[in-house]
Amino acid sequence: MDNQQSSLLKRISDWNDKEGSAVNIRANGKSVIRNTTENVSILTKEDKEGIDIIIKPGTKKENVHIPVIISESGMSELVYNDFYIGDNADVTIIAGCGIHNDGDRLSAHDGIHTFHIGKNARVKYREKHYGEGEGSGERIMNPQTEVFMDEGSSMDMETVQIKGVDSTVRITRAVVGKEAKLDIKEIIMTHGNQYAKTQFEVDLNGEESGVHVVSRSVAKDNSKQFFFSKINGNAKCMGHSECDAIIMDQACVSAIPEVTANNVEAQLIHEAAIGKIAGEQIMKLMTLGLTESEAEAQIINGFLK
Amino acid sequence: MLELKNISFEVNDKEDKKEILKDVTVKIDDRFIAITGPNGGGKSTLAKIIAGIERPTRGSILLDGVDITEKNITERARLGISYAFQQPVRFKGITVKDVITLAAGKHICTKEACTYLSEVGLCAKDYIDREVNESLSGGELKRIEIAMTIARGTKLTVFDEPEAGIDLWSFQNLIKVFEKLYKSVKGSVIIISHQERILNVAEKIILVSKGRIQEYDDKNKILPKLLNPAKGGCKFYKGDAYHG
Ligand SMILES: Nc1ncnc2c1ncn2[C@@H]1O[C@H](COP(=O)(O)OP(=O)(O)O)[C@@H](O)[C@H]1O
Ligand SMILES: [Mg+2]
Numbered sequence: 000m001d002n003q004q005s006s007l008l009k010r011i012s013d014w015n016d017k018e019g020s021a022v023n024i025r026a027n028g029k030s031v032i033r034n035t036t037e038n039v040s041i042l043t044k045e046d047k048e049g050i051d052i053i054i055k056p057g058t059k060k061e062n063v064h065i066p067v068i069i070s071e072s073g074m075s076e077l078v079y080n081d082f083y084i085g086d087n088a089d090v091t092i093i094a095g096c097g098i099h100n101d102g103d104r105l106s107a108h109d110g111i112h113t114f115h116i117g118k119n120a121r122v123k124y125r126e127k128h129y130g131e132g133e134g135s136g137e138r139i140m141n142p143q144t145e146v147f148m149d150e151g152s153s154m155d156m157e158t159v160q161i162k163g164v165d166s167t168v169r170i171t172r173a174v175v176g177k178e179a180k181l182d183i184k185e186i187i188m189t190h191g192n193q194y195a196k197t198q199f200e201v202d203l204n205g206e207e208s209g210v211h212v213v214s215r216s217v218a219k220d221n222s223k224q225f226f227f228s229k230i231n232g233n234a235k236c237m238g239h240s241e242c243d244a245i246i247m248d249q250a251c252v253s254a255i256p257e258v259t260a261n262n263v264e265a266q267l268i269h270e271a272a273i274g275k276i277a278g279e280q281i282m283k284l285m286t287l288g289l290t291e292s293e294a295e296a297q298i299i300n301g302f303l304k
Numbered sequence: 000m001l002e003l004k005n006i007s008f009e010v011n012d013k014e015d016k017k018e019i020l021k022d023v024t025v026k027i028d029d030r031f032i033a034i035t036g037p038n039g040g041g042k043s044t045l046a047k048i049i050a051g052i053e054r055p056t057r058g059s060i061l062l063d064g065v066d067i068t069e070k071n072i073t074e075r076a077r078l079g080i081s082y083a084f085q086q087p088v089r090f091k092g093i094t095v096k097d098v099i100t101l102a103a104g105k106h107i108c109t110k111e112a113c114t115y116l117s118e119v120g121l122c123a124k125d126y127i128d129r130e131v132n133e134s135l136s137g138g139e140l141k142r143i144e145i146a147m148t149i150a151r152g153t154k155l156t157v158f159d160e161p162e163a164g165i166d167l168w169s170f171q172n173l174i175k176v177f178e179k180l181y182k183s184v185k186g187s188v189i190i191i192s193h194q195e196r197i198l199n200v201a202e203k204i205i206l207v208s209k210g211r212i213q214e215y216d217d218k219n220k221i222l223p224k225l226l227n228p229a230k231g232g233c234k235f236y237k238g239d240a241y242h243g
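In the order they appear, the protein sequences are chains W and B.
Following numbering that gives the first Met the number 0, the numbering of the first sequence begins with 0 at its first residue and continues without gaps.
Following numbering that gives the first Met the number 0, the numbering of the second sequence begins with 0 at its first residue and continues without gaps.
Source of the hints: derived by calculation from the structure; they are not laboratory data.
There are no misleading hints in this set.
BS3-like mimics (lysine-lysine), calculated; alpha carbons at most 27 Å apart, straight line:
#1 K110/B to K304/W
#2 K91/B to K127/W
#3 K91/B to K162/W
#4 K91/B to K229/W
#5 K304/W to K91/B
#6 K275/W to K91/B
#7 K110/B to K154/B
#8 K91/B to K123/W
#9 K44/W to K29/W
#10 K209/B to K21/B
#11 K275/W to K96/B
#12 K162/W to K127/W
#13 K55/W to K29/W
#14 K124/B to K179/B
#15 K91/B to K219/W
#16 K110/B to K96/B
#17 K91/B to K180/W
#18 K184/W to K91/B
#19 K91/B to K196/W
#20 K59/W to K17/W
#21 K26/B to K218/B
#22 K9/W to K123/W
#23 K26/B to K175/B
#24 K304/W to K105/B
#25 K184/W to K96/B
#26 K13/B to K275/W
#27 K162/W to K123/W
#28 K70/B to K275/W
#29 K96/B to K304/W
#30 K180/W to K304/W
A short, non-exhaustive set of chain B residues, derived as facing chain W with CB atoms under 7 Å:
#31 A50
#32 I52
#33 I72
#34 T73
#35 A76
#36 R77
#37 Y82
#38 V88
#39 F90
#40 K91
Note that this is a predicted model, so its numbers are computed, not measured.
Beta carbons are placed, not taken as given, at the ideal position from N, Cα and C, and that holds for glycine.
Go ahead and model the full structure; you've got the sequences and the hints to work with.
Okay, structure coming up:
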């Protein structure tokens, strides 16, 4: 990796080689660093771009890093990563994508992640998306995540896109089994003319299954955001989705929730709030000596934490 | 020293103009002043005009002889004015430690932030990492608001009904906070209050009603009038026996 790639990597990942954890770093379409452990194997796919990550049952407290970086203008890729997480495993998966585009051609990473989560397994998934570069070429990321959760499993998913991604369409689908719990937190900030669309579709199929979707976003300048969420309660279950957005300048945010109960024991809630920063919040921080723009920055920082 | 000269404040209420403050002139150079008066009289508006949150329609404001009428909220805060809101503001994602640090205006260690919380009767370790959001009760929020002014320690602090919602916490402690504050900053503390025990420790009391200063005098002269309704005392006033 060159210096630019290393600094891009630092933006989206805290991986270091001393950790000894399983890792696959993909840079400009090639796997440049790979390490596997006794419990975590990483295999290159034969039929298409991407990898299979296989985690043995009972694996405890391991981290798996799979960052992707693109520093070549005009590079466009579609990558499939499939995760097989064994029963009772407890792992943290740190993904992320950074694009540096100094050219005038479009750079894009479309990643399709599929998770097969075994019985009583616990997965923590962290993902950061970041773009930078001086060129006029667009930086585009379209992640798709499919999650299949077996009995008693849990997944805690946190995705962050703070800067520099011109266009993103994010689709997350999950099928949640008996007593399984899915927690999703999405953080998005868009600026300039950026476009971000996120779509969640969750089927709560198992008895006592649950999902909690939280989206916190800030839309600045002329950017546009769309939030769709669809939760189907097909058994005795709990579903909650919450979209909370701050809108600024000439931005546009729309939130379209859909909750469907197919079972009398399904409990589904959706909350959506879109509004500008409350004037009294800015004023309060100004009475502490902050300028108006410092106050605004503090409020947004906190909101997106 | 704070001086308000001929302050008027008008708002457009539907078609009509509504005058909320009417030609208010007052000089505050004592250490401990209480402002009292009926609801809707204009007390909070006066406090907001001092802090720069509202701009007067007419008149001027001087701090230590310097005209600050045109200064904005930030500039006034930096000149040494603090204002604890009647209705404190909530923030998603911002913690108690964050707001205390912002108030202090510099990096402070958790231990220091905790001492400010302890001074307002909050068990610091339970609160320091909590978000200043809907999960806090009104009373908790009020105390955090007060802790922020302690962390700022400026020469002028205005508290807007600090006693509201802190019934379970002793007034004695609240009064200690004010005493300590004016001792350490050698400035003025202005407290908007309906509480006898707070009015009782003030040096002077200002009675604000219908947008005007109706009376401004030594506590000993004003308090008896407030206390005795038969001689024209006021209902808004909360003595020890009165909790209306
Ligand atoms: N911006 C405003 N627009 C219209 N009316 C206002 C505004 N600010 C205050 N008022 C009115 O002015 C009066 C005085 O309010 P306030 O200063 O809050 O009184 P107090 O703090 O003494 O209870 C009230 O009747 C209130 O409704
Ligand atoms: Mg008031």
